[in-house]
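Asks: Protein chains in written order, with full-length UniProt numbering: chain P, 1 to 95; chain S, 1 to 95; chain U, 1 to 104.
Since the hints were derived computationally from the structure, they do not count as laboratory data.
A virtual CB, placed ideally from N, CA and C, is assigned to each residue, including glycine.
All the pointers check out, no bait thrown in.
Computed, partial: chain S to chain P, Cβ under 7 Å: (1) R15; (2) A38; (3) Q41; (4) G76; (5) L78.
Once the Cα atoms are required to be at most 25 Å apart in a straight line, the calculated BS3-like pairs of lysine-lysine come out as: (6) P:K20 with S:K74; (7) P:K20 with P:K8; (8) P:K94 with U:K11.
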Amino acid sequence: MLFFSFFKTLVDKEVIVELKNEVSLKGTLHSVDQYLNIKLNNVEIVDEQKYPYLGCLKNCFIRGSTVRYIQLPAADVDTDVLQDATRKEHQVNKK
Amino acid sequence: MSVSSVIEQPLDLIRASLDERVLIKMKADRELRGTLHAYDQHLNMVLGNVEETINEIVVNDNTNEQTVKTTKRKIGMLFLRGDGVILVSPPLRTK
Amino acid sequence: MSKRTPGDFLKSVVGRPVVVKLNSGVEYRGILTCLDGFMNIALEQTEEYINGIRVSSFGDAFVRGNNGLFAAFFGVNYFISILHSTGKVKKSIMLRQHTKECQY
Chain P
1 MLFFSFFKTL VDKEVIVELK NEVSLKGTLH SVDQYLNIKL NNVEIVDEQK
51 YPYLGCLKNC FIRGSTVRYI QLPAADVDTD VLQDATRKEH QVNKK
Chain S
1 MSVSSVIEQP LDLIRASLDE RVLIKMKADR ELRGTLHAYD QHLNMVLGNV
51 EETINEIVVN DNTNEQTVKT TKRKIGMLFL RGDGVILVSP PLRTK
Chain U
1 MSKRTPGDFL KSVVGRPVVV KLNSGVEYRG ILTCLDGFMN IALEQTEEYI
51 NGIRVSSFGD AFVRGNNGLF AAFFGVNYFI SILHSTGKVK KSIMLRQHTK
101 ECQY
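With these hints in hand, go ahead and build the complete structure from the sequences.
Replies: Shown next, in the form of structure tokens:
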């Protein structure tokens with residue numbers, strides 16, 4: 001649940017989603033669910049040359065499992081809060 | 001000298017690396033170095049000041065020679081999905 | 001040495017030098033610090049071997065559980081690797097026989 005909550009704080013921010021098939025999509029994070037499936041708005045293809053047919057994509061749903069990385073706006077990430085939340089989550093998951 | 005006294009389960013090793021530089025080996029011959037800000041039990045992570053190294057094997061069409069092409073890039077803040085992770089190594093502790 | 005369940009066996013090798021071989025063929029040699037139910041493992045004094053050649057070393061290492069560890073733990077490689085590093089002749093002979101039994 002840690003990353004689900006984390007991504008909810010990034011809604012309406014611009015991110016770059018890199019998929020396992022090497023496609024990169026830049027867009028505004030519209031919403032996210034518990035599986036880290038993602039909806040992006042205002043999509044631009046990062047490497048338009050390579051994937052011209054994706055150019056017509058304006059908004060899309062991305063299945064969480066196909067994601068490799070998501071580049072985040074560093075200014076919108078509070079790393080202290082993240083680390084505290086991670087320690088808490090670690091404690092909870094420890095049997 | 002040994003860290004095993006503090007570490008009862010493997011994830012404790014990762015917890016001990018929070019806010020430290022870590023090396024992550026990923027599938028598809030990728031390596032990441034970055035500051036660990038968050039993780040969960042799936043090994044989803046958020047890293048800061050990341051340097052990614054990609055090793056690709058390039059085959060020359062004419063000579064059939066195989067060469068390893070190394071590409072590096074820097075990313076300010078990155079979420080990475082845990083299913084691609086092979087190994088996580090904390091910074092070398094001075095013994 | 002012969003324990004009933006795989007879990008008992010694994011507990012008995014914690015703190016000892018092991019080789020962990022992944023599906024990709026990469027090997028990690030180190031001292032087994034601990035493991036969990038997902039077969040995630042933590043190693044100390046880890047060295048990475050590719051094709052039998054040492055390519056790098058990490059102080060500590062966490063290896064994610066879904067990378068073909070399973071085969072490594074119960075495969076012949078794993079047994080052989082324990083006897084490499086125990087340094088106790090009696091034990092290694094015992095294990096070697098065990099290894100052969102596994103193999104044939």
